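Trainee: Can you build the whole structure from these sequences, using the hints too?
So the sequence lines, in the order shown, correspond to chains A and B. First residue of the first sequence? That's 1 in our numbering, and the numbers climb one at a time after it. First residue of the second sequence? That's 1 in our numbering, and the numbers climb one at a time after it.
FYI, nobody ran anything at the bench for these hints, they're computed from the structure. All values derive from a computational prediction rather than experimental measurement. Ideal Cβ placement from N, Cα and C applies to all residues, glycine included. Incorrect hints may have been included.
As the list claims (entries may be wrong) - Covered by chain A, according to a simulated footprint, are these stretches of chain B (three or more residues, beta-carbon under 8 Å): (1) 144 to 150; (2) 194 to 208; (3) 322 to 329.
As the list claims (entries may be wrong) - Selected chain B positions facing chain A (Cβ under 10 Å, derived; list incomplete): (4) ILE141; (5) LEU153; (6) ARG155; (7) GLU166; (8) VAL179; (9) LYS335.
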Amino acid sequence: MMRHVISILVNDQPGVLQRVAGLFGRRGFNIESITVGASEEPGLSRMVIVTHGDEKTMEQISKQLYKLIDVAKVVDLSQNPMVARELALIKVGAEPSERPEVFGIVETFRASVVDVASNTLIVQVVGDSDKIDAMVELLKPYGIKELTRTGVTAMTRGTLRK
Amino acid sequence: MSIQSVVSSSQSREELRQRLLQPDEITGSEILLRTLLLEGVECVFGYPGGAVLYIYDAMHGNPDFKHLLTRHEQGAIHAADGYARSTGKVGVCIATSGPGATNLVTGIATAYMDSVPLVCITGNVPTSLIGTDAFQEADIIGITMPITKHSYLVRDAKDLARIIREAFHIANTGRKGPVLIDIPKDVSNQVTKFIYPETIDLPTYKPTVYPNKLQVDRLLAAIEEAERPVILAGGGVVYADASKELMEFVTKTRIPVTTTLLGLSGFPSAHELSMGMPGMHGTKTANYALQNADLLISIGARFDDRVTMKLDGFAPHAKIAHIDVDPAEIGKNVKTAIPVVGDVKEVLKLANLKARPAKSEAWLQRIAEMKAQYPFRYKDADDQLKPQYVIEMISETTNGDAYITTDVGQHQMWVAQFYKFRNPRSLITSGGLGTMGFGFPSAIGVQMAHPDKLVISINGDGGMQMCSQELAICAINNIPVKIVVINNQVLGMVRQWQELIYDSRYSHIDLAGSPDFVKLAEAYGVKGLRATTKEEARAVWQEALNTPGPVLVEFVVPKYENVYPMVPQGNTLDQMIMGDSE
Numbered sequence: 001m002m003r004h005v006i007s008i009l010v011n012d013q014p015g016v017l018q019r020v021a022g023l024f025g026r027r028g029f030n031i032e033s034i035t036v037g038a039s040e041e042p043g044l045s046r047m048v049i050v051t052h053g054d055e056k057t058m059e060q061i062s063k064q065l066y067k068l069i070d071v072a073k074v075v076d077l078s079q080n081p082m083v084a085r086e087l088a089l090i091k092v093g094a095e096p097s098e099r100p101e102v103f104g105i106v107e108t109f110r111a112s113v114v115d116v117a118s119n120t121l122i123v124q125v126v127g128d129s130d131k132i133d134a135m136v137e138l139l140k141p142y143g144i145k146e147l148t149r150t151g152v153t154a155m156t157r158g159t160l161r162k
Numbered sequence: 001m002s003i004q005s006v007v008s009s010s011q012s013r014e015e016l017r018q019r020l021l022q023p024d025e026i027t028g029s030e031i032l033l034r035t036l037l038l039e040g041v042e043c044v045f046g047y048p049g050g051a052v053l054y055i056y057d058a059m060h061g062n063p064d065f066k067h068l069l070t071r072h073e074q075g076a077i078h079a080a081d082g083y084a085r086s087t088g089k090v091g092v093c094i095a096t097s098g099p100g101a102t103n104l105v106t107g108i109a110t111a112y113m114d115s116v117p118l119v120c121i122t123g124n125v126p127t128s129l130i131g132t133d134a135f136q137e138a139d140i141i142g143i144t145m146p147i148t149k150h151s152y153l154v155r156d157a158k159d160l161a162r163i164i165r166e167a168f169h170i171a172n173t174g175r176k177g178p179v180l181i182d183i184p185k186d187v188s189n190q191v192t193k194f195i196y197p198e199t200i201d202l203p204t205y206k207p208t209v210y211p212n213k214l215q216v217d218r219l220l221a222a223i224e225e226a227e228r229p230v231i232l233a234g235g236g237v238v239y240a241d242a243s244k245e246l247m248e249f250v251t252k253t254r255i256p257v258t259t260t261l262l263g264l265s266g267f268p269s270a271h272e273l274s275m276g277m278p279g280m281h282g283t284k285t286a287n288y289a290l291q292n293a294d295l296l297i298s299i300g301a302r303f304d305d306r307v308t309m310k311l312d313g314f315a316p317h318a319k320i321a322h323i324d325v326d327p328a329e330i331g332k333n334v335k336t337a338i339p340v341v342g343d344v345k346e347v348l349k350l351a352n353l354k355a356r357p358a359k360s361e362a363w364l365q366r367i368a369e370m371k372a373q374y375p376f377r378y379k380d381a382d383d384q385l386k387p388q389y390v391i392e393m394i395s396e397t398t399n400g401d402a403y404i405t406t407d408v409g410q411h412q413m414w415v416a417q418f419y420k421f422r423n424p425r426s427l428i429t430s431g432g433l434g435t436m437g438f439g440f441p442s443a444i445g446v447q448m449a450h451p452d453k454l455v456i457s458i459n460g461d462g463g464m465q466m467c468s469q470e471l472a473i474c475a476i477n478n479i480p481v482k483i484v485v486i487n488n489q490v491l492g493m494v495r496q497w498q499e500l501i502y503d504s505r506y507s508h509i510d511l512a513g514s515p516d517f518v519k520l521a522e523a524y525g526v527k528g529l530r531a532t533t534k535e536e537a538r539a540v541w542q543e544a545l546n547t548p549g550p551v552l553v554e555f556v557v558p559k560y561e562n563v564y565p566m567v568p569q570g571n572t573l574d575q576m577i578m579g580d581s582e
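Mentor: Rendered as structure tokens:
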């Protein structure tokens, strides 16, 4: 079961997220993560869904999505070289004495500290999912108080032929 | 009131159109009625309630708008469904918010599974109350999302005309299906200028109509090579009005045809190349042909599990070509070598230009022998009225020229087996969802669409009790449906499965306590007749046919009759139990 990143261009209409998510649910397609936001075209939003499936499942996902009236375009980004990124905010327990160690990890990962309180730090890290997983692992010993991830957003590299 | 008074006349259409198009300042309700009329709607089926009071108020005294009040929203939507299936036009029903809307759900799912174009209009609570658990509020858009082709919540009356136009377009193009329009009460009373959009602009909805020529050429090449080709024709042939094109295709290619339940009326049952229905209760010939074919051409069918039975082992030697308007059906259940996406009629038209015969003569010989050897059969008896006998009698007396609606279960399969269909759209039946309670109310819709045609609704005693309240509609509007109840006093199909698969442990299939159907009909003012023997059956049926208005005819038949042949679930098509059909 291959991991796939699908980009879906949809009409910016109420209920469209429910239509897409509902379709995945009722047809037994898996959703690892889902992100939605504005696209380059006014009136259209872009969803990026990370899913798993064999070739047949992916074909069905694409075809079933196209049946939704609000879906304009479906692209399996993972078919081509792509940039896939997610952002995580990690609240780490860190007494002032531990901070330098944490800052060291943060720097290595080209992450950043976006909040400092008396005994916690919020680390912001951007990268592919593996990088974020690794960062989380390294911060675990300090005590992760809270973790939130955006899910993957992605696009293909280079310019598509017109 | 007569049935004609409910269906608007087409004489003054253009004059009416000009009158309706006036850019007046009107309410959302009036916009709704005008737009429906402009879409060519002849009759709407519905049931009023709090959230649609403005809509019903707009109907009051409106001579152009025809509405049939059913006795249950489910009756309304099944009637709209029958109207749509028998005409190819969009069926329209109206229900109020909350329970009115949820009562449509089974009907919407029925239409969705069988690709029937419906526009379902529901009222909702005023926009200011949406989401507050207000009286009679239900999230009908959310509830029906998996069973509608599309749906709209109207937030502004200015959008209403556009939305209705889009809904009709979406419902009746591409793979057809139900579209729901939810109108909050305040929107139905909001006054705005009526602007009828002349064009429909849906950039994200462009169904494929014309097929890829290359794929059609590949199909034709495969046919010329094929020695054991089979056509599997489905509801898509009927819905695309492609029966003539199919006939030409079959004649040119010399390929035998098996028709799914929904495709039955798309190809004449009596044709020499017709093999009847395949699948669980199909003919031995059709199933044999599928299992031995070297080329299987599916035309507007979707390889439903009741057709394929065990998928692993279905048509094991066949190269599969699949013609369908819905690309998602291609490759969904079976691996397809030749995919042809497009409207079935357009695909066949193109194919017919160059179609040449398959190398099928020896195969056709074999098929003809099988047909002669294994017709549908049943054990008739002089002292018993068998249900199959009743269906054969109805088929003979109508010469296959009536509109037939069925409910779901044994009688439905017997109709599929023993009624000789001749005309497209003449079988109206719930195939995909298998909805009990569909048979009778759908016939009301068929009759509304075809006031002068013979419409026969064939039901079991179980399903008849699921929507029998609509007898009132037949009585007061003099809708002359001939209602057949095949009464075996049990839930026959469930009983059959319990007998064959659950060692005759009969669990809750006894329908003792059913009403006297003759008296039930009479209580509504509908003529009721009953037959328990063959002689009575013939006499009573003639009387029903000679009676101008609605008639209910009850045929009392034995309990323990089974539908044969049967392929038990989990088996492949060649593992048939022939039973009494031997």
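Trainee: Give me the numbers of the hints this structure contradicts, sorted from smallest to largest.
Mentor: none
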